[in-house]
Amino acid sequence: MSDQLLLALKAGFLVLLFLFVWRVVRISARDLAGPVAAAPPKRASTKGEARATTVAAAPRLVVLSSPVFPPATVVRLERDIVLGRADDCDVVLEGDGYASSRHSAVVARGSDRVLRDLGSTNGTHVGGRALSGEHMLLPGEVVRVGETEFRYEA
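Those letters in the sequence shown? Residues -4 to 149, per our numbering, in order.
One or more hints might be untrue.
[Unchecked claim] Here are the in silico distance ranges between beta carbons for each label pair:
(1) 149 / 3: 20 to 28 Å
(2) 12 / 74: 25 to 33 Å
(3) 2 / 131: 18 to 26 Å
(4) 83 / 103: 44 to 52 Å
(5) 113 / 133: 47 to 55 Å
(6) 2 / 75: 21 to 29 Å
(7) 90 / 0: 33 to 41 Å
(8) 16 / 127: 26 to 34 Å
(9) 7 / 83: 35 to 43 Å
(10) 13 / 127: 31 to 39 Å
It is worth saying that the hints were derived from the structure and are not from the lab.
Model, not experiment: these values are computed from the prediction.
Virtual Cβ for every residue (Gly too), placed ideally from N, Cα, C.
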C-alpha cells in the first residue's frame, strides 16, 4: 500500500473518532440538563372574581424540540398512537436518527394516557429518566423519543 493511502485512512479514522466523541458529549450534556420545567398551575378563582368557562382540551403532546417537527407542533391523543421512524406509525419521526422504527406508544385508558416503550434501542424518557414498563402521563411531563422532546398536556 502506498504511504498516501495509509495517511488518508488514518485521517479518516481520526475524523470518525472525533465525530463519535462529539456526539457522546452532546447527548450526555442534554441528559444532564434535565427536564424542562412546566408552567406553574393557575390560581383558582375566589368569591367575587369572574369565572371563565373553558372547554376541556383534548390530551396532546406539544413538540418542544425536534429534528423533524417545528416547536409547538401538536400531536392529538384522541386514540392510541405509535411514534417511530416507520411509515406505518401515527407520528413518523423519519429524520430522527435516534428514534427506532416503532419506538413508543401512547395508549388511551379513559381520560388517562399511558406511555409504553416498544423495545426501542435508545429508550423512551419521561422527565429525564428512562422508562421501564408503562407510565401514566401527568400534565407538564416532558417525554423524549429519540431526539424529539414533547410536553404532555391534558
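Hints, verified against the model:
| no. | hint | result |
| --- | --- | --- |
| 1 | 149 / 3: 20 to 28 Å | 56 Å, violated |
| 2 | 12 / 74: 25 to 33 Å | 46 Å, violated |
| 3 | 2 / 131: 18 to 26 Å | 57 Å, violated |
| 4 | 83 / 103: 44 to 52 Å | 19 Å, violated |
| 5 | 113 / 133: 47 to 55 Å | 21 Å, violated |
| 6 | 2 / 75: 21 to 29 Å | 55 Å, violated |
| 7 | 90 / 0: 33 to 41 Å | 35 Å, holds |
| 8 | 16 / 127: 26 to 34 Å | 29 Å, holds |
| 9 | 7 / 83: 35 to 43 Å | 37 Å, holds |
| 10 | 13 / 127: 31 to 39 Å | 34 Å, holds |
Hint compliance for this structure: hints 1, 2, 3, 4, 5, 6 are broken, all remaining hints hold.
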